[in-house]
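Kindly generate the complete structure, drawing on both the sequences and the hints.
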Amino acid sequence: MNRFLLSLKRPFIWLCRFRHRRGYGVHSPFAFSFIKGVVFEQTAYYGYAPLREQEKEMARREGRGVLAEGLRVRRLLFRVANYAHPATIIDVGVPAASSLYLKAACGGAVYTGASGLSDLFLEAGVPIDFLYVHDFRHPELVEEVFRVCAPRATSHSVFVVGGIRYTPAMSALWKRLCKDGRVGVTFDLYDLGILFFDMSKPKQHYIVNF
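To convert, take the position in the sequence shown, counting from 1, and add 1287; that gives the numbering used here.
Any given hint could turn out to be false.
What the hints assert, rightly or not - Quick list of the computed label-pair ranges, beta carbon to beta carbon:
| no. | residue 1 | residue 2 | range |
| --- | --- | --- | --- |
| 1 | G1352 | G1395 | 23 to 31 Å |
| 2 | R1424 | P1489 | 30 to 38 Å |
| 3 | P1382 | A1459 | 23 to 31 Å |
| 4 | A1374 | T1330 | 20 to 28 Å |
As the list claims (entries may be wrong) - Under the rule of at most 25 Å between Cα atoms (straight-line distance), these lysine to any residue pairs were calculated in the SDA-like manner:
| no. | residue 1 | residue 2 |
| --- | --- | --- |
| 5 | K1488 | A1456 |
| 6 | K1490 | G1468 |
| 7 | K1462 | N1496 |
| 8 | K1488 | D1406 |
| 9 | K1323 | R1452 |
| 10 | K1490 | R1434 |
| 11 | K1488 | R1463 |
| 12 | K1462 | K1390 |
| 13 | K1390 | E1349 |
| 14 | K1466 | P1438 |
| 15 | K1323 | Q1341 |
| 16 | K1390 | H1443 |
| 17 | K1323 | Y1335 |
Everything labelled a hint here was simulated from the structure, so no lab data went into it. Since the structure is predicted, the reported quantities are computational estimates derived from the model, not experimental observations. We put the CB at the ideal spot given by N, CA and C, even for glycine.
As structure tokens, this is what we get:
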């Protein structure tokens, strides 16, 4: 799905998800806190302005395709990574400006970027605290990355999947990931899917009108 078609669909998507706005009807304290305090958090982080300059430079150097995710998605990735406080960040998919936001959100984390499995080198025995996999045009790659990374997840791990509703194949894959026995609470934000591996909380799936 290209950005133009997605922009045309936005009003329809918003209306379809209207009853899932900003935590409406969510009873879980954890889920409500995450939706209100992370997904819809409005703080103007000090790092946003420098990041805008860095992403403009990256776009000039590598082409505007690196901005394909949209600013609000990039900033959401920043907030989710900042919330998770990961020691390791794995970023797999099409090169994008979101990499700048992930690095800025957790300056002390070990960041590993890869465009595919052949570029993904994981140190033996090191858990994966935060995974961002984003290549919706190749759901088989997304699924394989999950297969490789999920065994390294801990109760504190957060995995983020890009473009979960952009194609029928990605929607079907997202449903399979949510059903995985290692996955607990999940959030469907249309552009992104967020999976938590903390099994101390009841397994529950939330749709959020982001």
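(request) Decide if the proposed pair is consistent with the structure: K1490 and R1434, CA atoms, cutoff 25 Å inclusive. (result) holds (20 Å)
(message) Hint check: K1462 vs N1496, CA-CA at most 25 Å. Holds or violated?
(response) holds (18 Å)
(request) Quickly compare the C-alpha distance for K1488 and D1406 to 25 Å and report which way the hint goes. (result) Outside the cut-off at roughly 34 Å; violated.
(message) Given a hint of 30 to 38 Å, does the C-beta separation of R1424 and P1489 actually sit inside it?
(response) Holds: the Cβ-Cβ distance is about 34 Å, inside 30 to 38 Å.
(message) Looking only at beta-carbon atoms, does the pair P1382, A1459 fall within the given range of 23 to 31 Å?
(response) Distance hint for P1382, A1459 holds at roughly 26 Å.
(message) Hinted pair, alpha-carbon criterion (25 Å max): K1466, P1438. Please report holds or violated.
(response) The hint holds at about 15 Å.
(request) Given the hint that K1490 pairs with G1468, test it: the Cα-Cα distance must not exceed 25 Å. (result) holds (9 Å)
(message) Tell me if the straight-line CA distance from K1390 to E1349 falls inside 25 Å.
(response) Holds, at about 18 Å.
(request) Take a look at whether the Cβ-Cβ distance between A1374 and T1330 falls inside 20 to 28 Å. (result) Given a distance of about 23 Å, which is inside 20 to 28 Å, the answer is holds.
(request) Given the hint that K1323 pairs with Y1335, test it: the Cα-Cα distance must not exceed 25 Å. (result) It holds: about 20 Å lies between the C-alpha atoms, which stays within 25 Å.
(message) Does H1443 sit within 25 Å of K1390, going by the straight-line distance between their CA atoms?
(response) The hint holds at about 19 Å.
(message) Hint check: K1488 vs R1463, CA-CA at most 25 Å. Holds or violated?
(response) Within the cut-off at roughly 19 Å; holds.
Comparing the model with each earlier hint shows violations of hints 5, 8, 12 and 15; every other hint is respected.
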